[in-house]
Amino acid sequence: MRLTVNGEQHELEAPFGRSLAEALRDDLGLTGTKVSCGEGHCGACTVLVDGAPHLSCITLVHTVDDRAVTTIEGLRDHPLVDAFVRCDALQCGFCTPGQIVSASALVEANPSPSSDEIRHAMAGNLCRCGTYPRIEEAIRTWRD
Amino acid sequence: MGALGNGTRGLAGGTDLVPLLRDGLVAADRLVDLRRVIPSGIDGTAIGAGTTLAELEADPQIPDALREACRLAASPQLRNMGTIGGNLLQATRCWYWRLNYPCRLHGGDVCHAREGQHREHAIFANDYCASAHPSDVAAALLALDATVETTRAAGPLAGLYRLPDDHDRNLVDLGADELITRIHYERPEQSVYLKAMDRKRWAFALVGVAAARYDDGVRLGLAGVAPIPWRLASLDDLEQATPLPGTAYKLELARALGRRAIAAVGG
Chain A
1 MRLTVNGEQH ELEAPFGRSL AEALRDDLGL TGTKVSCGEG HCGACTVLVD
51 GAPHLSCITL VHTVDDRAVT TIEGLRDHPL VDAFVRCDAL QCGFCTPGQI
101 VSASALVEAN PSPSSDEIRH AMAGNLCRCG TYPRIEEAIR TWRD
Chain B
1001 MGALGNGTRG LAGGTDLVPL LRDGLVAADR LVDLRRVIPS GIDGTAIGAG
1051 TTLAELEADP QIPDALREAC RLAASPQLRN MGTIGGNLLQ ATRCWYWRLN
1101 YPCRLHGGDV CHAREGQHRE HAIFANDYCA SAHPSDVAAA LLALDATVET
1151 TRAAGPLAGL YRLPDDHDRN LVDLGADELI TRIHYERPEQ SVYLKAMDRK
1201 RWAFALVGVA AARYDDGVRL GLAGVAPIPW RLASLDDLEQ ATPLPGTAYK
1251 LELARALGRR AIAAVGG
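In order, the protein sequence lines correspond to chains A and B. Sequence positions in the first sequence follow my numbering and run 1 to 144. Sequence positions in the second sequence follow my numbering and run 1001 to 1267.
Hints are computed from structural coordinates only; laboratory data are not their basis. Heads up, some of the hints might be wrong.
Straight-line distance between alpha carbons at most 20 Å, and here's what the computed DMTMM-like set of lysine to aspartate or glutamate pairs gives [what the hints assert, rightly or not]:
1. B:LYS1200 <-> A:ASP116
2. B:LYS1200 <-> B:GLU1057
3. B:LYS1200 <-> A:GLU136
4. B:LYS1200 <-> B:GLU1252
5. B:LYS1200 <-> A:GLU117
Isolated chain B, as found in the complex:
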């Protein structure tokens, strides 16, 4: 959950970091158990970064979009372990990246997925790197207009993420010693999260769509469609998608889920 610099890494639930350490995709010579340091628990519309997905899905105060995103995010065991802060910082499921191909995210000069197997990859902002961001929780929080508080600053959740380029391959804009401490959301009138998966229970999102209705309209957040969690101003923006041959079906999924989600929140 955020690098602390000098070879030290913060560990919260560890559900992503421990396998990444073992596979040599992340290096650390020291781990700091963050659960004793970062806030956890729910206080109105503020959520401690150390709150587990299981705690969030069980709390009736939490908007439906976020509860459902937590409930569908992973297996019960992983939801008992994983924290909301860690979920926002999880690494891509791109198999080329996970198998340590020298792709752009690993500092190389090619995106293997674009020419290779990319059925689960991005349909937006996929020119440089076609990986898809897996966080259901981030999609829900984008729709819920969330802000993220860190040990240094506070700002919109969208600002936590960045698209990679030649100068910086990171997908997250977080300092080496900066930690997410709290997430704040705006309480909607109604919200929902819909997720298309390869199987019925706990798989990563092919496409996930969160919709939240406010006084001024419906806000949408998507998972599985871009290298970072993706916000849409309206479903019309889906026309700007740039699907690869193997991901054209995702556009259809996003349209269908988007229509259903907007109808579900009465938008």
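Chain A extracted, bound-state conformation:
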């Protein structure tokens, strides 16, 4: 099958039932995408599919062969990465790739989101270190 990730086309052999997260990490070596709960609850594995945040751990890779996938590796130069560092918006950092991917879709659609809009759009990304206030600050000030 063909998989388009961060603008690059890849050919891969994926068995029935393989998740997008597994294909990204194990077949393509794009380990920036993290798998935490593995069942669609926590948001750590969030990637963009045609620009919208999706959970790669419960997305079967065969269902996205005609769509554009963006991972954290594709957002390396996004100002949100610096904003997260500047605001110290992480502790262990495991959820951070998913946080930044979700936030990138939010600021793309709404460059100046309010606190409420940030909370609504980021509700699907859990941070067990509890850095939510700083994540919110990073998104609010992403262009500073």
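Dock chain B against chain A, hints included.
Okay, now just chain B, sitting in the frame of chain A:
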């Protein structure tokens, strides 16, 4: 999104089906990607079954009850993935069922929740199986007097669901090769969906109440109170509830949300 028979299953958003396949609660040796087959998008009061919850919540034509039900149904990622047809067919969150206890829905002869942990379970029609139906969208669509069009027939949404019995443990009345294609709703004068959750953002409904006002009165649909989405003719019908010791609080929630919802639509 509906079984196609012969070990083949239809897959739309996959947000419920993929975890169920992984946990061995659903078996399939072949999956068919339905998104290329079933209609999606909104055309007046007709909604393609493949329309995502995210698309519905963003469309100002859609009545408030359904938009709010979609908005509160799940996380942003799940709403981007999940379709309205799949949402109507989602499986119960009963932890005994999800942990594969040999309960009645799994073909056994006992409802473990009735004697065990049932804080999130049903207060209506809970004698045989006390699971609670989690669909916020179905509650809203019941209030909006929706009909469901499938590859075989069209009928009221309420007819899509059935209570389980010894002969048939299914909660959905859909043929093995039958797919939901479209949902039609009646445009109300005003509508609302209110949802009580354990936390403020995206949790399954403890109780969800949808109210829609029409010329002839207010229609109510409830989530989280029965094994299937539940329609109430009026709040007086709450007196017929049969709560378990751990779910008595749900009756209070349903009364309070019901009163608030009816007031909100000017009923």
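Checked hints:
no.	hint	verdict
1	B:LYS1200 <-> A:ASP116	holds (12 Å)
2	B:LYS1200 <-> B:GLU1057	holds (18 Å)
3	B:LYS1200 <-> A:GLU136	holds (17 Å)
4	B:LYS1200 <-> B:GLU1252	holds (19 Å)
5	B:LYS1200 <-> A:GLU117	holds (14 Å)
Checked against the numbered hints given earlier, this structure breaks none of them.
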